[in-house]
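Undergrad: Chain residues, written in single-letter form:
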Amino acid sequence: MGELAVSATPEDELVSMGLGSCVGVALVDHDRTFAGLAHVMLPSANAAYSAPAKFADRAVPTLLACVERLGAQRERMVAVLAGGAQMFTGAKAGVAGLDLGARNEAAVRSALAELGIPVRAAATGGDRGRTVRVRVGEARVSVKEAGGVEVPLWHPHVHADDLVEAQ
Amino acid sequence: MITRYDEQQLDALCELASIGSGTAATALAQMLGCPVELAVPRALALPLADALDAVGEPDAMVASVVLPVGGDAEMVVLLLFSYRCAESLCELLGVEPRSELGDSALGEIGNVLGASAVGAFAQMTGLALEPQPPHVLYDMLGAVVASLLSATAAELDFALVLDASLRVETAECGLSFLLLPTVGGADELLGRLGFEGGE
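Those sequence lines, one after another, are chains A and R. Sequential numbering from 1 applies to the first sequence in the numbering used here. Sequential numbering from 1 applies to the second sequence in the numbering used here.
Treat each hint with caution, since some may be false.
[As the list claims (entries may be wrong)] Here are the simulated distance ranges between beta carbons:
no., chain 1, residue 1, chain 2, residue 2, range
1, R, 34, A, 118, 56 to 66 Å
2, R, 7, A, 69, 34 to 44 Å
3, R, 96, A, 114, 49 to 59 Å
[As the list claims (entries may be wrong)] Residues from chain R shown here face chain A by an in silico Cβ test under 7 Å; the list is partial:
no., residue
4, 46
5, 49
6, 99
7, 102
8, 147
I should point out that these hints are in silico values taken from the structure, not numbers from a laboratory. Using N, Cα and C, we set each Cβ at its ideal position, and we do this for glycine too.
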């Protein structure tokens with residue numbers, strides 16, 4: 001929660017468990033050796049200091065800088081999103097801020113667009129919690145919804161441009 | 001660790017949690033007509049990343065009752081329990097679990113616990129506190145808690161969690177009873193207890 005992790009170790013798995021209105025932002029390199037995952041809680045920074053990934057507007061550039069430090073190239077990065085649910089509906093929405101999930105997702109998308117990183121897949125919205133997993137070695141992203149089973153969300157092989165690149 | 005509260009202030013909040021959860025346990029015992037045991041509560045000021053882990057496994061599916069409290073000090077009262085525990089509490093109250101009636105009974109448990117704890121706080125501090133209607137949710141623990149902490153801990157890097165566990169022996173059921181005050185709410189409570197609040 002409010003944290004981020006990056007890895008260049010193929011055996012690593014990055015996980016954000018129990019995302020509600022929070023958004024899990026995964027950055028994956030076409031090279032399939034670099035990946036990062038941030039757990040964003042709120043759209044924009046309103047405090048002088050903060051946990052590294054608490055706010056979307058800071059988390060996205062910080063996450064990119066961290067994977068670039070590992071050797072990843074910005075132009076090869078793609079983003080995969082999960083979370084941003086509306087956990088509380090109707091009159092209770094005020095508990096967690098009105099449409100907080102949707103506002104988080106919009107802030108993440110706009111921060112990514114500013115950096116020129118395309119969003120290739122997203123499991124967002126709805127009213128259920130989610131867990132997102134990034135398998136670094138395979139650049140594979142999967143998501144599990146509350147009460148559901150883990151399903152693949154993104155994998156480089158399914159995209160034609162990656163297949164061309166692989167040759 | 002970044003925290004605005006010192007040991008003494010946390011002790012005071014813990015004492016408040018202790019009195020609140022004690023009152024809540026008595027009210028629950030009366031409602032259910034069976035003994036309710038109360039474990040010593042904790043007051044934790046934790047970095048956001050650790051706050052979730054302190055409450056439980058973020059991936060675990062839980063039944064939860066969320067009771068927002070408005071008025072002079074804003075906070076959220078949160079009850080967390082297992083699906084099995086939700087079922088046995090419903091059985092104890094003679095209603096069908098996972099039905100509209102069952103959910104409304106769990107909401108009522110949240111209401112009774114929350115309102116009695118909040119009533120005790122109001123009495124101790126002289127603050128006007130207004131519990132709002134409860135909300136019953138079945139989801140991942142992390143999704144429920146993090147979504148609430150996004151609101152209560154918006155301005156800070158740590159979360160204040162007052163945590164007590166209640167055990168209903170007849171139903172073999174353990175409940176987590178959590179208070180998540182907003183920063184303003186905690187300062188207001190501390191102010192009334194004779195502290196300056198956070199610096």
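Undergrad: Each of the hints needs a verdict: does it hold here or not?
TA: Going down the list of hints, with the structure as the test:
{"no.": "1", "hint": "R:34 / A:118: 56 to 66 Å", "in the structure": "58 Å, holds"}
{"no.": "2", "hint": "R:7 / A:69: 34 to 44 Å", "in the structure": "38 Å, holds"}
{"no.": "3", "hint": "R:96 / A:114: 49 to 59 Å", "in the structure": "51 Å, holds"}
{"no.": "4", "hint": "46", "in the structure": "10 Å, violated"}
{"no.": "5", "hint": "49", "in the structure": "5 Å, holds"}
{"no.": "6", "hint": "99", "in the structure": "17 Å, violated"}
{"no.": "7", "hint": "102", "in the structure": "17 Å, violated"}
{"no.": "8", "hint": "147", "in the structure": "4 Å, holds"}
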